[in-house]
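There are 2 protein chains.
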Amino acid sequence: MEPLRVALLGCGVVGTEVARLLTTHADELAARVGVPLRLEGVAVRRPGRPRDLDIDQALFTSDAAGLVRRADVVVEVIGGIEPARGLILSAMEAGASVVTANKALLAEDGPTLYGAADKHGVDLYFEAAVAGAIPLLRPLRESLAGDRVRRVLGIVNGTTNYVLDKMHTTGAGFADAVAQAQALGYAEADPTADVEGFDAAAKAAILASLAFHTRVAAADVHREGITGVTAADVASAQAMGAVVKLLAICERSDDPDGVESVSVRVHPAMIPAAHPLAGVREAFNAVFVEAEAAGELMFYGRGAGGQPTASAVLGDVITVARHRVAGGRGPGESAYADLPVRPMGQVRTRYHISLDVADRPGVLAQVAQVFAAHQVSIETVRQQQLPHREEEPQAGPPRAALVVVTHTAPDAALAATVEALDSLDVVAAVASVMRVEGED
Amino acid sequence: MEPLRVALLGCGVVGTEVARLLTTHADELAARVGVPLRLEGVAVRRPGRPRDLDIDQALFTSDAAGLVRRADVVVEVIGGIEPARGLILSAMEAGASVVTANKALLAEDGPTLYGAADKHGVDLYFEAAVAGAIPLLRPLRESLAGDRVRRVLGIVNGTTNYVLDKMHTTGAGFADAVAQAQALGYAEADPTADVEGFDAAAKAAILASLAFHTRVAAADVHREGITGVTAADVASAQAMGAVVKLLAICERSDDPDGVESVSVRVHPAMIPAAHPLAGVREAFNAVFVEAEAAGELMFYGRGAGGQPTASAVLGDVITVARHRVAGGRGPGESAYADLPVRPMGQVRTRYHISLDVADRPGVLAQVAQVFAAHQVSIETVRQQQLPHREEEPQAGPPRAALVVVTHTAPDAALAATVEALDSLDVVAAVASVMRVEGED
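Chains as they are written, first to last, in my numbering: chain A, 1 to 440; chain B, 1 to 440.
Note that these hints are calculated values from the structure, not bench results. Cβ atoms here follow ideal geometry from the backbone N, Cα and C, with glycine treated the same way. Certain hints may be false.
A short, non-exhaustive set of chain A residues, derived as facing chain B with CB atoms under 7 Å [stated by the list, open to error]: (1) Ala30; (2) Ala145; (3) Tyr300; (4) Leu314; (5) Val317; (6) Pro397; (7) Pro398; (8) Arg399.
When you get a sec, could you build the whole thing from the sequences and use the hints?
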């Protein structure tokens, strides 16, 4: 049989590894597919640029649009919205199946891609778009297809996990930890997409869409990054036997009227040290899934990097190549459930609130009254030594730290409680506010 | 379109949950497949027996052979070799796709089943056969199809993990821990298949076959159970910051001549407390996979139980049903690599050996000489207080405990070393011998 022609769009860190594995492991891949996979070309902006990749230089081309029309399988690892989207749509129109690692595009315009794949009868696979090498999307789309997913709780951004892990292990502040991550190549020179949670939000949208058979776009995801996480927050978490993680949280729940809905959010949260996600160190990723019949599952591994991401891309290439050889197509979009996405204010969460208060009788009563007025129930209150503040010598009246952990309540009620606490006379400052997850 | 007819063979703990989910989630499953799934019948030995399952009693039949010829998808959850094998082969001959949870049959005669599936152009899926609800086989067969798996290290038997976990947390001996597991329903009245490692060995054979594209049968697996693990072994492990787990280990390696081979084995081993598998508690399962490009991956969840296993079965049912609707077939057998299975004696392992020795000068030199004579290199030696033995009052000469951890060496050399140590005059007893894994 004729070899299958594979076109590679993009030759950065991931593309280089994909090309390398396609060529060095050619025999094994051919044995697994049934026919050889032939690298038809690599579309790059500057074909003449020297690269650390031992393939025929004539394969490099700047004519991506022409390349996709000569391929059976197109691998898109350019990233971003355009020209990636246009090229993927052209490829599908020309009859090619597509493997992409493009989380931003999938989270912004996934239905368009699925629609084109259906129209042209081709495959769309994107395992590498979320959590790099970890087989996660195929399990959600296929292994759990007979189950009902209740919740997905994931560490899906390696950069922020590295930064938070360093803050925990070294006591460093946010800026220092980011600088360390940059020095080691775990963070970009401009770390905005990671630390502000944009990357995690795109992944959360993809996970929620698959888990709940419902269209969820990046714009539907409530997003808070980790730039506001302080060394004091981390210390506070440690004091209560918890760790701070940036979590992507996708939940299915009933609203008070019994109507099913989903919530999708990305924010830092404290999770108990005994939770399986708490032990995820450095730049690793892990995703915790709760399904009705399967119970608790966890998937752990490397979420980024050239080789791990290339492993996920090639797994998809093999799958779509087998479909070209033996017939069949992978699952298309599954959005039949069409559940509403609940606004963040209505999502039930728990808060950890640390207050800097006047140390005199009656303060706790006043604080408790604010919680009660917002119908927020308190789980624990802990009073602790106020840390010494260099900028503010101990001159004024005695103060204490009051740490409150709430039961679950609507996020809007919790936010309003914090605002009201901040305006109380006896509260000098709201020192730290963070959500608590991973229990119940 | 016509509904797809699903035949269920067996209605024990798993079958009952499969039938329940098929009927209670019928609408959702139909939306995911594209057509309804209709339960065509449930083959059981005694159709009239009262059951806790709210389905039409007329569906129960003792005519399994007739039932499989009226189905599009046959779900086999009887277990064991016959009649399961005969029914699966009849079903395929009649054109049905098969989903099975039957690890024993797959490990004994997988190639026959794959061959029949190929011959009749039907699917064979078996996610539930290993690690219950954990999506593991689909990731190995598909997600990692573009990568090269180096090693699989798994806790794949919940009963033995529960028993060992209890021995660790309560200090109980083996017999007491088994009794606890039996009282809680985690162990059968006859726990042989679990505690002797037969169950884990079947799963190891399946994992190795998929990971290495090589036929591995249960008979190729070196198997040691946990019946010989003592409270002293567990205490020894704890003393060195490790835990004892029953591991299924599948490794690809070069032998000294540079020929690639695989080794597949099930035995208790000490792993460092910091290893991700060490934290797997109670009856949970987890599988650690090391692949060349993907790096380290871990999959964690419930390895048994009606609902978790039914979740895995139904995921497979959805996949094969989609193939019936949209065309295509899942991957067949992949055994092209055909690597030799290395005998256990040639596998490189590490030993933890605890000796009860005479407490006088020159003993260590004699012991070290035995290791050297077998070309086994010692990593650490630790001398420790000999635990008080009730059956043997301190009357004889003073004795000490010598704990030796080796570097890796061929298993046969390590076993011969232990034998030689046992016959040394200065060695009163070899108190504990266990392999050490999870480092390097």
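Verification of the supplied hints:
no.	hint	in the structure
1	Ala30	9 Å, violated
2	Ala145	4 Å, holds
3	Tyr300	4 Å, holds
4	Leu314	2 Å, holds
5	Val317	6 Å, holds
6	Pro397	47 Å, violated
7	Pro398	43 Å, violated
8	Arg399	40 Å, violated
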